[in-house]
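Number of protein chains: 4
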Amino acid sequence: MRIGILTAGGDCPGINATIRGVCKTAISYYGMEVYGIHNGFRGLLDDDVIQLTENSLGGLLTMGGTVLGTSRVKPFRKDRGFSLSDSRPAALLKTIHDHGLECLVCIGGNGTQNTAAMLAKAGVNVVMIPKTIDNDVFGTDISFGFDSAVSIATEAIDRLHSTASSHQRVMVIEVMGHKAGWIALHSGMAGGGDIILIPELPFNIHNIGDVIINRLKKGKPYSIVVVAEGIPTFNGKKAAQYIAEEIEYETGFETRETVLGYIQRGGSPTAFDRTLATRMGGHATELIAQKQFGRMVALRGSEIVSVPLSEVAGKLKLVTADNDLIIQGKRMGVCFG
Amino acid sequence: MRIGILTAGGDCPGINATIRGVCKTAISYYGMEVYGIHNGFRGLLDDDVIQLTENSLGGLLTMGGTVLGTSRVKPFRKDRGFSLSDSRPAALLKTIHDHGLECLVCIGGNGTQNTAAMLAKAGVNVVMIPKTIDNDVFGTDISFGFDSAVSIATEAIDRLHSTASSHQRVMVIEVMGHKAGWIALHSGMAGGGDIILIPELPFNIHNIGDVIINRLKKGKPYSIVVVAEGIPTFNGKKAAQYIAEEIEYETGFETRETVLGYIQRGGSPTAFDRTLATRMGGHATELIAQKQFGRMVALRGSEIVSVPLSEVAGKLKLVTADNDLIIQGKRMGVCFG
Amino acid sequence: MRIGILTAGGDCPGINATIRGVCKTAISYYGMEVYGIHNGFRGLLDDDVIQLTENSLGGLLTMGGTVLGTSRVKPFRKDRGFSLSDSRPAALLKTIHDHGLECLVCIGGNGTQNTAAMLAKAGVNVVMIPKTIDNDVFGTDISFGFDSAVSIATEAIDRLHSTASSHQRVMVIEVMGHKAGWIALHSGMAGGGDIILIPELPFNIHNIGDVIINRLKKGKPYSIVVVAEGIPTFNGKKAAQYIAEEIEYETGFETRETVLGYIQRGGSPTAFDRTLATRMGGHATELIAQKQFGRMVALRGSEIVSVPLSEVAGKLKLVTADNDLIIQGKRMGVCFG
Amino acid sequence: MRIGILTAGGDCPGINATIRGVCKTAISYYGMEVYGIHNGFRGLLDDDVIQLTENSLGGLLTMGGTVLGTSRVKPFRKDRGFSLSDSRPAALLKTIHDHGLECLVCIGGNGTQNTAAMLAKAGVNVVMIPKTIDNDVFGTDISFGFDSAVSIATEAIDRLHSTASSHQRVMVIEVMGHKAGWIALHSGMAGGGDIILIPELPFNIHNIGDVIINRLKKGKPYSIVVVAEGIPTFNGKKAAQYIAEEIEYETGFETRETVLGYIQRGGSPTAFDRTLATRMGGHATELIAQKQFGRMVALRGSEIVSVPLSEVAGKLKLVTADNDLIIQGKRMGVCFG
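Same order as they appear, the protein sequences are chains A, B, C and D.
Its first residue numbered 1, the first sequence is counted upward by one per residue in full-length UniProt numbering.
Its first residue numbered 1, the second sequence is counted upward by one per residue in full-length UniProt numbering.
Its first residue numbered 1, the third sequence is counted upward by one per residue in full-length UniProt numbering.
Its first residue numbered 1, the fourth sequence is counted upward by one per residue in full-length UniProt numbering.
For the record, the hints were derived by calculation from the structure and aren't laboratory data.
Mixed in with the good hints there might be a few duds.
For identical chains, the list gives no copy identity; a pair is met inside one copy or between any two copies.
[Said to hold, decoys possible] Capping the alpha-carbon separation at 25 Å, the derived lysine to aspartate or glutamate pairs in DMTMM-like fashion look like this: (1) Lys330 - Glu33; (2) Lys291 - Glu54; (3) Lys121 - Glu54; (4) Lys218 - Glu250; (5) Lys237 - Glu254; (6) Lys220 - Asp46; (7) Lys315 - Glu303; (8) Lys218 - Asp47; (9) Lys217 - Asp47.
Produce the complete structure using the sequences and hints provided.
Below, the structure is given as structure tokens:
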């Protein structure tokens, strides 16, 4: 049996561990041939494909990024679905056919979920493995990459505490999360943030100012504000800049901003992400061996399971107000807006 | 309402975050009074109790160990249960009564689980929060402390790889886990161990030697062996020493051992453990507010729930051979015995 | 003997370790009394002074920031020097006199160096300890805080490598350094930067574009650019933004920027900075005991020495083109402009 | 010009960065050919030599261990010096001659220093680069690898503090250093050790017991003891075990030991070690280009210089009682014996 594997969308820690997990079980245990497709779906359009062997896998467990490369190329026009009258789907199918790939393992986020679901509808055997630092892929409790991103963000927040209190400042830190505030919520709580703003919950800047001033009255003339990049702002301002300016205006406090940026998605995965990625990779191969296609690997509790792509594609997993970390956080005095 | 809180058994990262979680919600949200009992159950015997205030909580989120101190003092004789004819139970009840503690929050592992269950039977209102780096507390998917311990162990294994390959040696690393091999299993898989030995699974030293020699034949003249401290050995030898000597005898390979020891349980908790500990602390207070006593807080999937102490006390959560990390690990060529 | 101690200017890792070093030797060994002045020179103006005891020092060795607080308040008008007809110098002297402080230990950077030198001229006994992440204090080989900042910046650059190569992007990272490029130079070399831009050396954007395109031709379609915040830009743009836009214009490469910001100056100091800070603190006390005032503690080679403040104040330690790290870097293919 | 490079003795963080530094400057800047010799001097005996190209160098800057492999094979019999009537020197010279190596770069510690000096005497062009975590190579202020080892040891000591105070225990940690106590001294001071024992200074166990008991009297019922592996013990006991048993006997305190072991020499080098290693590698190539043979690269203050091998070989750099870190440490209450 011959399978292909590609990684699409933004990179994140653990992708290489997943590739390794798929390849090791596929090649040594099931005797499959595995072909790596470069740069996501672009590699299928360009026929940029190489065979992977056990020797390709050295060091992958701990390495950040993706050795296969990635791109955000979307092979389908949303309005047309998988229409063979478009040149892209045709080129893509040709590459799959030419290399005799009996199944395509797609490692990606929400965009990849949609493409994979469309490919499945068009008759391609696909298995998807969810990957995103944002943790917003629907259908799995956690995606690998999330724990690493939260760890990096938490360490950054830890560092800001000492400088905030030394200078009696408000420090605003912006972490990733366009639509979902999971990273802000988890790193904010783990880092002892006083105010945490996420795209899912509305916020009131006067309220935030009050929280900061109340902290001053309790002898704490400094605050840590954790904001997700996707919160609404004015005039196209970035989240941290906007909130910092508003806080300074409201409170008169010296306020400084930090945009954490790309370091959240780089570097070696945490131990948690490495085992999760490894298990998901292995499980994907098992699905293929059992010819269970059109499915996404998922974590449910302590178990690795799979769900039909058709049930999860197009949906987003967002933070809701009844999330217990938010409820507990509020009771502990954290302001969420 | 006035409650007491104590920490018993071996310390682990996240205890202080839990204490903070209990106190913040209890004091600020529910208006309870919280009394800290020093050094586990010994503090109840010695009447070593102080009131905790919000000001006691600064820095606790990130701090390792337990500010309340801990001990392994067991207040009951196992053969008698909670018999008031023993002096210890009487002293213990007197302290609880004298301070007017309406509930006792016990943060601990398996031993604490048993004591808490016995106290509950004797009519004391208890809520237990599981804490152990070993992850062997029955009734919860994960205990806080485990992720931190696995992270430290994984980082250590990462470090051994380069020295193993540079010197063409076998490196044996012993991690914690008397009865349960969770740390060895997870850090071994996350660190790319070639051989992982845990107390739950039998091993054959000839088999291990063969694996090492087969790696040599494939051009890999070095191996990483991760062993839990609780695997069976001869002549009272420690796990790492025993396995290292046997491997050297079987294979002739230069073999070196590392015993990771106490650094696995010290230091600041990972972001994962901080949020888990915080949620569990908050949930414990909620149980108290709802007068749901005799229960243990637990993680099930993504949810914090609680289970009756009577259902979980006396049981141990062990690794089983059908654990998917073991199954996947075997398929990827890892030897488990 | 009674001495005062203050910390001024931007905070950095190691200040607390220095305070501890001064206090431990002063109090326990020399039997001095030590008074801590809050918020830098502002505390002298406001008479915000408390006695420090050995019990104040717990945890200081590893703690970031400064427990004394800091400010950028400058007690003198530059144009007048130490003129008692100004109210500030008078208030300052009064506080020193009222508390009977026989010597003032000033922990700070270049601004503090100037103020300390002026105080010395005005007859106040001062001993200065240099502290700056920028490493630009003249007269010492290295200041504590620098190694910590370089470590954090290097770790960030490490993380960018995997995402740069996965996405085939140019990543521009801005690190601290207004006038001096030490952090950019050291973290850039330690992190394997391809292009390093510092305020001291002119750069040519065409040249930088060529380097990036040449890397592409050699099969490396990604580059890491490390820039100090103080490099010249146009239109008030920040360093990273400016360089990223120029590179994208010159090369057509997808370019992303990261501004590392305040996390460079927060958190626990590295082991190197802890011992350096401790030694400098101890040495400062020794100078006081020997009544050697008007001096700055300094590292020269492996030795802690001291230099007259009058010889070093007003000077800046900058990177020069003949720095051996630059010379070696060029030979290894790194572009410095 | 064609040169050879080998790494001998125990591995340490930064060796690969040095290899990269030598090769990058030698190949791209000076146009030399570089041959890598596998497994230290054993590779010269076995003629195990490969050409290194720029493509061999990817990832070396951050990678622990040595890609060339290492061994402790000593090519000379000490009693005979470089006698060609022995087979080993002859084989070694033949390999150097057969490959046309005009200079041999030897990266190693004290043993390598001796061998390199002997080779130089025998007419081989050698340049030596000092490498050791122990920091005991004579003639250089610091060797790369030392800062990394101290960082790892300090982090481990940090972790022991919380568990020591939670359990009211004495924690004894053994760090590397057979003859020289540099790692114990620096990590002990950076980690806030209460007692630091090194091979160079005698210690009295009663004295140590008194220190621990005095801490108890001051309300600190726990202590951290850092010992170098090379301190004298009885009955062949390891340093930590011996000291732990003695302390328990003297004080009655529950005492636990940790042997840090091989993790001190593994893993990615610190930023400090990466730049030091890079500079030393580049400087070695410069010496070759200038035909300055028989020299060892060295750090003196902020400068990279070189010293004649004949002046430094056979000597050891040890801690002396007048080391300022020891003097300051004593004044701060640290016990050194």
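Hints violated by the structure (numbers, ascending): 3
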